[in-house]
Amino acid sequence: MDIEKVDQIIDKHNSEASSLIQVLLEIQSENRWLPRQILERISEKLEVPLSRIQHIATFYKAFSLIPKGRHEVHICMGTACHVRGAQNVLTAVEDYTGIKPGETDLDLKFSLETVNCLGCCALGPVMEVDGQIHGKISPAETADALKKYE
Amino acid sequence: MPKLNSSAELEKLRDEILSNRDSDQRIITLCSGTACHATGSRSVAAAIEEELEKQGLKDQVIVRKTGCHGFCERGPIIVLYPEGICYLQIEPENIPEIVSQTIKENKILEHLLYIDPSSDEKITREDEIPFYKNQQRLLFGANLQIDPKSIEDYLALGGYKALARALLKMDPGQALEEVKKANLRGRGGGGFPAGIKWEGSRSAPEDTKYVIVNADEGDPGAYMDRSLLEGNPHSVLEGLAIGAYTIGAREGFIYVRQEYPLAVDNINTAIKQAEEYGFLGENILGSDFSFTVKVHQGAGAFVCGESTALMTALEGRAGEPRPKYIRSNIKGLWDKPTVLNNVETWANVPLIINNGAEWFEKYGTETSKGTKIFSLVGKINNTGLVEVPMGMTLRDIIFKVGGGIRGGKKFKAVQTGGPSGGCLPEHLLDLQVGFDELTKAGSMMGSGGMIAMDEDTCMVDVARYFLDFLTDESCGKCVPCREGVKQMLKILTNITEGRGQEGDLELLEELGQVAKEVSLCALGQTAPNPFLSTLQYFRDEYEAHISGKRCPALYCKDLIAYYIDPEECQACQACLKKCPSDAIIGGKKTIHVIDQEKCTKCNTCYDVCPSRFSAVKKISGEPVPPAIPEEERTITRGSKEK
Chain A
1 MDIEKVDQII DKHNSEASSL IQVLLEIQSE NRWLPRQILE RISEKLEVPL SRIQHIATFY
61 KAFSLIPKGR HEVHICMGTA CHVRGAQNVL TAVEDYTGIK PGETDLDLKF SLETVNCLGC
121 CALGPVMEVD GQIHGKISPA ETADALKKYE
Chain B
1001 MPKLNSSAEL EKLRDEILSN RDSDQRIITL CSGTACHATG SRSVAAAIEE ELEKQGLKDQ
1061 VIVRKTGCHG FCERGPIIVL YPEGICYLQI EPENIPEIVS QTIKENKILE HLLYIDPSSD
1121 EKITREDEIP FYKNQQRLLF GANLQIDPKS IEDYLALGGY KALARALLKM DPGQALEEVK
1181 KANLRGRGGG GFPAGIKWEG SRSAPEDTKY VIVNADEGDP GAYMDRSLLE GNPHSVLEGL
1241 AIGAYTIGAR EGFIYVRQEY PLAVDNINTA IKQAEEYGFL GENILGSDFS FTVKVHQGAG
1301 AFVCGESTAL MTALEGRAGE PRPKYIRSNI KGLWDKPTVL NNVETWANVP LIINNGAEWF
1361 EKYGTETSKG TKIFSLVGKI NNTGLVEVPM GMTLRDIIFK VGGGIRGGKK FKAVQTGGPS
1421 GGCLPEHLLD LQVGFDELTK AGSMMGSGGM IAMDEDTCMV DVARYFLDFL TDESCGKCVP
1481 CREGVKQMLK ILTNITEGRG QEGDLELLEE LGQVAKEVSL CALGQTAPNP FLSTLQYFRD
1541 EYEAHISGKR CPALYCKDLI AYYIDPEECQ ACQACLKKCP SDAIIGGKKT IHVIDQEKCT
1601 KCNTCYDVCP SRFSAVKKIS GEPVPPAIPE EERTITRGSK EK
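So the protein sequences, as listed, match chains A and B.
Everything in the first sequence is counted per the working numbering, starting at 1 for the first residue and increasing by one.
Everything in the second sequence is counted per the working numbering, starting at 1001 for the first residue and increasing by one.
In short, the hints are calculated from the structure, not lab data.
These numbers were taken from a predicted model, which means no experiment stands behind them.
Quick reminder that beta carbons are idealized off the backbone N, C-alpha and C, glycines included.
Where hints are given, some of them may not hold.
Below are the DMTMM-like pairs computed for lysine to aspartate or glutamate, each with C-alpha atoms no more than 25 Å apart in a straight line [what the hints assert, rightly or not]:
| id | chain 1 | residue 1 | chain 2 | residue 2 |
| --- | --- | --- | --- | --- |
| 1 | B | LYS1598 | A | GLU141 |
| 2 | B | LYS1617 | A | GLU26 |
| 3 | A | LYS100 | B | GLU1050 |
| 4 | B | LYS1578 | A | ASP95 |
| 5 | A | LYS147 | B | ASP1582 |
| 6 | B | LYS1149 | A | GLU26 |
| 7 | B | LYS1490 | A | GLU94 |
To spell it out: a stretch of chain B is covered by chain A in this simulated footprint if at least three of its residues, at any positions, have a beta carbon under 8 Å from a beta carbon of chain A; those stretches are [unchecked claim]:
| id | region |
| --- | --- |
| 8 | 1033-1047 |
| 9 | 1307-1317 |
All chains should be built: construct the whole structure from the sequences, respecting the hints.
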C-alpha cells in the first residue's frame, strides 16, 4: 500500500485525531496489516504520538502488526457454538493448518483467529473463511472445507 | 426527494406511498439478514430473480429482501403475500416450483410448509407457527414487512410519525415525561430507567450534548441488536432523534461492532435517506431542531460495550473504562453530557411516543415494562430471536416458543445475561423474566442472550468458558479484574482438567468477592457471576470434579474416556474410518478397540457409531475396561445374534 493511498484515507476523515480508529480500520481492511511506515505517516498527519497509535493497534483485536495470510479463518467460540462443540472444531482446524489462534502459517496461506460470536447461533458450530460462513460444521468436515483454498 | 418541512407534508407523502400500494399485490419476501446469508439466502434471491424473468412475471411480482424474521433455525424463509403463505428452509432448487405452482396457479406446496411437531399438522401462515404465535412482536414484527434499504417501506408502516409528533406537538419536557412515565428501562444490560438518564442530561447546564446508540453487541450468543439495526434501521434513528430532542443534543453517534458489516451498510444507507427526506439535518420537519448522526465502527474489543469505554473509543483512543464518580449523562463524551442507550432501547422510543406510556405499560410486570427480544440459542429446537412480553416464564419461552430441548434430551440450565449473567436450573423454570426477577435469582437480564443447556453440558466447564472469555476481554486497566479473574480461570481450568484440590471453591469465592467489590467497571464486577451462580445451583458437579475426578456430564476431556463395548460392536468400520487420530484398531469382521494412548477424545467415534449399535461408550471417574484379547475379536456368522 503506498503512502498516497494512506493520505487519501486520512483526508477522507478530515485528518481528525478522533478518526484515528476509523482510519486504521480502513487501512487494515485494504492492506490486511499495519506496517510501521504507515503508522508513522498517520502519526505525522493526525498529530497523534506513535505510542498512542501503538496502544490502539495492540488493544483492539481487528488490527495486526504482522502480515496476515491470504485466507482468514475464524472459528466462532460464542456460547451457543461452545455448547455445540466449537472446541473440537478449533482443534481439528489447528491440526490441519498447523497453527494456533493468532498465528499465520509460513506460506502466508492461512491466518487463524477465534471470535466471540458471529451472530449465526442457529448454525453453530461455525467456521468462517474469508467472510464465508460454514455452518453446522463437524470437526471431520473442516479439512475438506479448507482444502479448497489456495 | 425534496426535504419535508411539516407534518402535513409527511402525511401527504405517506398517503401517496400507501395509495400506490395495492393490497392484492403479489409480493415475495425473503429474509436476508446475516444469519440467512449464511444459510444461502443470497443464492435463493438470485434464483427468484432469474425464475421470475424466465416465467415472464418480473413486472407483476415485487421481491422484498427483509431483515431477520427471527426463526433462524429454519431459514431462509419466504413469505408470499397477499395470502401470507410461509415456506421454510428454501433452497434455490425450490424456486421454479414456487413460481410456477404457488405464484402462477395459487397452489400451496405442502412439502415446504412448517409441520407442527406436536400435532403433525401443516401450517400455512407464518404467524400461526407456534414459534411466532406465542410471541408479542411490537418491535420485531416490522422486520417482516420492511426492506431495510427502503425508507418508503418504513414510512408506509407509520415511520417518523413519532418524530413529527414529538417535534411539532410536544415540547422536549413533555416527550421526556412520556418516556419516563412508560418506565422504559435500558435493554443493554443494567436496566437503568432511560427517562431518568435523559433527565439528568437535560438538566445539565452545558450547551453541547450528545446521544449515542450502543450497537457494540458483544455478548456471545446474542444478536438481537444486529438484527434490529440490519432489519429496521430507521426505527433506531427515529428513537435517537427523539431522545436528542428531549435533552437538546445536536449530534449523535452510532457505535457498531466491526463484525457487523451489513448493519453498518444498512444504517449508513438509512442515515443518507433520512437526511434527504429531512428527518435528520437542519430544521427537521420545519421545526427549529437540528440533528446529525455519525456511524463509528468498533475495532473488536468486548469492553467497548461498557458505556465509558465506548465513549473513550469514540474519542479515538483505546477503549478503557473510566471511573464513574460523575455519571456520563452529566460528563460523558468529550466531558459533555451524553445519553447512551442500547439499540433496542432506542427502537422502543417511537412506539412509546406514538402509542403513549399507558399503552406501553400494559405489557410486562410491575417493574419491567414492555417487551424484550431474547436470542434463544444453544441446545434448543427453535433457535432464533424471540420477542416476548416481560414477565413470561422461562418455561414458556424455552418450551412453548423454543419448542424444548433438542434431540429429546433433558433440560439442565438456561444461561442468561451473557458473560455477566448466570445459569438458572430447572427448579427456577417458572421464574418470570424481568430485570429484578433475574437479578434476584443470581443472574441478570443483560442484553437478552438465553442459552439453553442440556444434560450433556458441564456446568463447571460453562463457568470456565465465561471466565476464559472475560480474561481475554479484560482491558487490563484495574488489578482485580486483570489478575483476579485470571486466577479464577486458572483454578477452574485445573478443576476441569482433573487437578482440582480441596479448598479451591473457597478460594474462588474469595477472589470472586474481591473482583465484584473493587473492579472499575461492570466487566470485572460481574465477572464472578457465571462461577457464583453455577456454584449456587450445581455445587455437586464441582464436588464431583474435585474429589471424584469425575465429570457428571461426560464433557471434560481430561476426565473422560471412550471405549467400545465388544458385545455391541458389529465391526461396521464407521468409527474406524472417521477417527482422525487412527486410534481405532479393527477391521472387517473384527471387533474394534480404541487405543487409549492415541485417542484424543474428539468424540467423532461416539457421533458416528450407528444408534442401533451404540457400541461406543463414554465414561468418567472409573477405569476403562480392559480390551478384549485379540483372538476373541473375530466376528463369525451367527456369533452375534441380535
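Can you name, in rising order, the numbers of the hints this structure does not satisfy?
2 and 3
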